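Student: Single-letter residue listing:
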Amino acid sequence: EAGVTQSPTHLIKTRGQQATLRCSPISGHTSVYWYQQALGLGLQFLLWYDEGEERNRGNFPPRFSGRQFPNYSSELNVNALELEDSALYLCASSLDFGSNLYEQYFGPGTRLTVT
Amino acid sequence: QQPVQSPQAVILREGEDAVINCSSSKALYSVHWYRQKHGEAPVFLMILLKGGEQKGHEKISASFNEKKQQSSLYLTASQLSYSGTYFCGTDTGNQFYFGTGTSLTVIP
Chain W
1 EAGVTQSPTH LIKTRGQQAT LRCSPISGHT SVYWYQQALG LGLQFLLWYD
51 EGEERNRGNF PPRFSGRQFP NYSSELNVNA LELEDSALYL CASSLDFGSN
101 LYEQYFGPGT RLTVT
Chain X
116 QQPVQSPQAV ILREGEDAVI NCSSSKALYS VHWYRQKHGE APVFLMILLK
166 GGEQKGHEKI SASFNEKKQQ SSLYLTASQL SYSGTYFCGT DTGNQFYFGT
216 GTSLTVIP
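Protein sequence lines correspond, in order, to chains W and X. Here the numbering used here is used: position 10 in the first sequence is 10, and no number is missing along the way. Here the numbering used here is used: position 31 in the second sequence is 146, and no number is missing along the way.
Among the clues, some could well be false.
Claimed, not checked - One side only, chain W facing chain X, incomplete, derived with CB under 7 Å:
#1 Ala-38
#2 Leu-39
#3 Gly-42
#4 Phe-45
#5 Asn-56
#6 Glu-103
#7 Phe-106
Rather than coming from a laboratory, the hints here were simulated on the basis of the structure. As the structure is a prediction and not an experimental result, all values here were calculated from the model. Think of the CB as a built atom: it goes at the ideal place given N, C-alpha and C, for glycine as much as any other residue.
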């Protein structure tokens, strides 16, 4: 069974630009979560999508946005990049929220560097 | 909203036991535990639900005190492979947050 995949692996952008990160969940999983992990820090919740709808978002500015497509893959967009946006962005997927024991499976992450 | 974990860091010798605690200020539906090794993505360990149902790792156990909104992860007879950062994740019904993390190092 293929795991969660993310692309690109690395992304280098300059301040003010836009970044687009992509995630493909495990087949059968309908929920996708996005997390930001700055160097040496924990996992900060960004966004949660389920069945194409945004279910919740963390304490991040509106320039962090995303969407989930009909095939449940997801995209995270970060506009007007700032230096502090440099981090590892992790995507996770799980069975739908109503499945109780819905552990999250993480992808390898996208390393975003803003210069 | 981010749950608080304690201790922040712990060093163990192989074979020793450890307890990692996770505390939330909000009522919880479930608590998840994950381990992240350096340079790798987090990996699922356990889920504990209100009412006692749980799913997880054979050699790792955990408890969930619903009234206190606290969970503890018990690592017994630690092995070198247990080294990593442990995160609890708390589900309040419509929000999910990972804890501050606990760095665990097992030495020979």
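Student: Once the shortest beta carbon distance from W/Phe-45 to chain X is found, is it less than 7 Å?
Tutor: Holds - the Cβ of W/Phe-45 comes within 7 Å of chain X, reaching about 5 Å at its closest.
Student: Double-check W/Asn-56 for me: the hint is only fine if its C-beta lies closer than 7 Å to a C-beta in chain X.
Tutor: holds, 6 Å
Student: Return the status of the interface hint for W/Phe-106: holds when the least beta-carbon distance to chain X is below 7 Å, violated otherwise.
Tutor: Nearest chain X Cβ about 4 Å off; hint holds.
Student: Less than 7 Å between beta-carbons is the criterion; does W/Gly-42 satisfy it with respect to chain X?
Tutor: holds, 5 Å
Student: Verify the interface restraint on W/Ala-38: the C-beta must sit less than 7 Å from at least one C-beta of chain X.
Tutor: violated, 12 Å
Student: Taking 7 Å as the limit, does the beta-carbon of W/Glu-103 come near enough to a beta-carbon in chain X?
Tutor: This hint holds: W/Glu-103 lies near chain X, its Cβ roughly 4 Å from the closest one there, short of 7 Å.
Student: How about W/Leu-39: closest beta carbon in chain X under 7 Å, or not?
Tutor: Since the shortest Cβ distance to chain X is 12 Å, the answer is violated.
The structure shown violates the earlier hints numbered 1 and 2.
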